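Protein chains in written order, with numbering that gives the first Met the number 0: chain A, 0 to 252; chain B, 0 to 270.
Quick caveat, the hints were computed from the structure, so don't treat them as lab data. The model shown is predicted, which means the values in this text are computed figures rather than measured ones. Backbone N, C-alpha and C fix where the C-beta goes; we use that ideal spot for every residue, glycine too. Hints are supplied without guarantee of correctness; some may be wrong.
Derived coverage of chain B by chain A (criterion: at least 3 residues anywhere in the stretch with Cβ under 8 Å from a Cβ of chain A; other residues may be distant) [what the hints assert, rightly or not]:
#1 27-37
#2 142-156
#3 178-188
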Amino acid sequence: MTMLIEARGLDVAYGAAPPVLHHVDFTLRAGEIVTIVGPNGSGKSTLVRALLGMVPMTRGSLWRAPGLRVGYVPQSLHLDANLPLTVARFLRLNRRLDTAQVAGLLARVGAPGLEARELATLSGGQFQRVLLARALAGEPQLLVLDEPTQGLDQPGTAAFYRLIEEVRRALGCAVLSVSHDLHVVMSASDRVVCLNGHVCCEGTPSVVSNAPEYRALFGMGTQGALALYQHHHDHGTDHPDHPHDHEVCDHDH
Amino acid sequence: MIIDAFVLRALAAGLLLALAAGPLGCFVVWRRMAYFGDATAHGAILGVALALAFGVSVTLGTLVTALVMALVIAALQGRGWAVDTLLGVMAHSALALGLVAVSFLPGVRVDLSAWLFGDILTVGTADLWTAAAGVALVLALLVWRWEALLTATISEDLARSLGLEPRREQLVLVLALAIVVAVALKVVGALLIGAMLLIPPATARVYARGPEGMALAAVGLAAMAVVVGLVASLWLDTPAGPSIVTAAAAFFAGTVGGAALRRALISRARV
Chain A
0 MTMLIEARGL
10 DVAYGAAPPV
20 LHHVDFTLRA
30 GEIVTIVGPN
40 GSGKSTLVRA
50 LLGMVPMTRG
60 SLWRAPGLRV
70 GYVPQSLHLD
80 ANLPLTVARF
90 LRLNRRLDTA
100 QVAGLLARVG
110 APGLEARELA
120 TLSGGQFQRV
130 LLARALAGEP
140 QLLVLDEPTQ
150 GLDQPGTAAF
160 YRLIEEVRRA
170 LGCAVLSVSH
180 DLHVVMSASD
190 RVVCLNGHVC
200 CEGTPSVVSN
210 APEYRALFGM
220 GTQGALALYQ
230 HHHDHGTDHP
240 DHPHDHEVCD
250 HDH
Chain B
0 MIIDAFVLRA
10 LAAGLLLALA
20 AGPLGCFVVW
30 RRMAYFGDAT
40 AHGAILGVAL
50 ALAFGVSVTL
60 GTLVTALVMA
70 LVIAALQGRG
80 WAVDTLLGVM
90 AHSALALGLV
100 AVSFLPGVRV
110 DLSAWLFGDI
120 LTVGTADLWT
130 AAAGVALVLA
140 LLVWRWEALL
150 TATISEDLAR
160 SLGLEPRREQ
170 LVLVLALAIV
180 VAVALKVVGA
190 LLIGAMLLIP
200 PATARVYARG
210 PEGMALAAVG
220 LAAMAVVVGL
230 VASLWLDTPA
240 GPSIVTAAAA
250 FFAGTVGGAA
260 LRRALISRAR
270 V
């Protein structure tokens, strides 16, 4: 499969502070679904931003497929109440879209008819769908979601992830998403990368069948959109060459 | 009725200011830069003092100090100080320093109230051409960068993901703000420039359905305030700059009050 992004030995630091990311290797191929998980402050968003060239890296090499079309769904968007902005105008920011294209995008994300609504009056779920619609406007080869379900409840999160899967099936794009919840990732993920300043571990997610309490919580209620990711790793052997203070990945399994 | 040339020049200067202050003021409101505008405007007094001391044009002096002021604030932002504290320190220091500097000028009698509250009736033909050039530059900047500015205002992350640089867009606004301050100094004075940037867009917000509509409505409201305020000041013999701002404030009160009344009537009708 064609490579979309390849990073080797990536370091990112903000100012003089110790690097947020240290020696991260990361690859993403066309059509792949990859989820980055990690505790708060583990550099998940920073990694995504560095991969997209939104923050400069301090060391390492980064390659992106030439002309890579990226649809980016930002983590949060604080809109000043004094800025009147309809959904249609928001979708047209920096993009030329006709009325039919706007309607098509909104229908694709399951939010038809919202064109004339002001962004500030949307519910959390509607708002996320509109952000997704905007990201899809450029026919992306790669869809990037930075904690897209922040502020959504459990059913809302599940519905949103189901929507992402639908969209991906339709477009065939790669999906790179960030989740702050160590346990809940898209069940369709090909790969889960656990980050804590460095890559702690990565692998395929497996639905945990022998954990009925989690199954009850996430599995049934979400119609399989969410799954539990089990971490299999042995920390001592992960990065023998550079022991540092990130080494303790403090999450329960 | 014969309208004196100085009144027409005053009107032209006021309308030119309205043209630039409307859209720029919208960004000041959307980005919560109200204090930023004030600080830049107050710095202009220091510019007046420096221009008179060094014998250069006052417009150039105010433009340069407003720009330096705005750049210093932009550079200091996000370095540990709360923005409102930083702006308060800068705004009042610049104003005080400017007033002290003016008092040192030997042999120059400076009419301070003209710089603080404007002196629109003394606008000359040369002033008008300078103002027209400044306003044209501001409008060109805003039209050229409109989508990028709007995107960076809505979400810096979104802007970065599109390959835009939010800090560069902020510099565009800072430059436009410095130019508008230099133009507005003669019209409404350093203390009331902030009012012309804030009040018309705040009023326009009540009517607007989109960002472009809000900018256009702000231009219209600012222009109306200039006309009404100027006529009232001639008629009532009140200072022109404060009269213009008073007119703008009256439109704001009327609009917001009217909207509240309409809502109240609608909700009563439903009961």
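Evaluated hints:
| no. | hint | verdict |
| --- | --- | --- |
| 1 | 27-37 | holds (count 4) |
| 2 | 142-156 | holds (count 8) |
| 3 | 178-188 | violated (count 0) |
Hint 3 from the list above is the single one not met by this structure.
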